[in-house]
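**Student:** One letter stands for each residue in the lines below.
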Amino acid sequence: AQSVTQPDIHITVSEGASLELRCNYSYGATPYLFWYVQSPGQGLQLLLKYFSGDTLVQGIKGFEAEFKRSQSSFNLRKPSVHWSDAAEYFCAVGHSGAGSYQLTFGKGTKLSVIP
Amino acid sequence: EPEVTQTPSHQVTQMGQEVILRCVPISNHLYFYWYRQILGQKVEFLVSFYNNEISEKSEIFDDQFSVERPDGSNFTLKIRSTKLEDSAMYFCASSTTLGTDTQYFGPGTRLTVL
Chain U
1 AQSVTQPDIH ITVSEGASLE LRCNYSYGAT PYLFWYVQSP GQGLQLLLKY FSGDTLVQGI
61 KGFEAEFKRS QSSFNLRKPS VHWSDAAEYF CAVGHSGAGS YQLTFGKGTK LSVIP
Chain L
1001 EPEVTQTPSH QVTQMGQEVI LRCVPISNHL YFYWYRQILG QKVEFLVSFY NNEISEKSEI
1061 FDDQFSVERP DGSNFTLKIR STKLEDSAMY FCASSTTLGT DTQYFGPGTR LTVL
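Line by line, the protein sequences are chains U and L.
If you're matching positions, the first sequence starts at 1 in my numbering and goes up one per residue.
If you're matching positions, the second sequence starts at 1001 in my numbering and goes up one per residue.
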């Protein structure tokens, strides 16, 4: 069965520092991978997605993620964090069910940014 | 930019009561979903809906749950007799097509069962 692991529950970084959020997945076929962000009181906003092709994916707000099949990972990165990036980040794998399609999420990583 | 909306933002109910959570998906979307997140746990798939019928449901989605698209804009999740363990954040999502298309999520309804 498919699963997603985000090993870091909470990460704190200084504003301007680089960021990497880890995501490992388990899925039998070629995965469709997503990163979503949730700010307080907001819904889940898509940051980026990987379906195929270039393993380095660019997203919104300056985020990127790299798909590494050999490591079953899809880590999210940002070279310089802004205070407004403080939020919770969810990695997800998409998979087809019986005539449907659903996302399996990780538990999320809460990002705090200190000035 | 079009967005998925959900009402209410917070619902408090007594155990055993019925609740209806409402969602307005993006207008040209055809596929609709409900997910939930119990505090401190993962976001979990509940059900998907297409062409006025359930496409797939998880084992969480038992007979106490139902979904409906009563008109051309709303998509509802009903819990007939709420239990304490139904307390969670419920997210609605929609997408234009099946498969690799992006699911757009609403802000969620926090359900508290007392």
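Hints listed in this document are in silico derivations from the structure and should not be mistaken for laboratory results.
Since we're looking at a predicted model, the values are computed, not measured.
Misleading hints may appear alongside valid ones.
Chain L regions said to be covered by chain U (calculated; three or more residues, Cβ under 8 Å) [stated by the list, open to error]: (1) 1016-1029; (2) 1072-1083.
Anything over 10 Å on all C-beta distances counts as not near chain L; from chain U, calculated [said to hold, decoys possible]: (3) Pro7; (4) Gly41; (5) Arg77; (6) Val113.
Have a look at the derived ranges for each label pair, beta carbon to beta carbon [claimed, not checked]: (7) U:Asp54 <-> L:Val1012: 23 to 31 Å; (8) L:Thr1007 <-> U:Pro115: 30 to 38 Å; (9) L:Leu1039 <-> U:Asp8: 15 to 23 Å; (10) L:Glu1059 <-> U:Glu64: 30 to 38 Å; (11) L:Thr1097 <-> U:Ile60: 35 to 43 Å; (12) L:Arg1080 <-> U:Ser39: 18 to 26 Å; (13) U:Ser39 <-> L:Pro1002: 26 to 34 Å.
Built from N, CA and C at the ideal position, the CB exists for glycine as well.
**Student:** Let me make sure I understand: some of the numbered hints might not hold for this structure. Which ones are they, in numerical order?
**Tutor:** 1, 2, 4, 7, 11, 12 and 13
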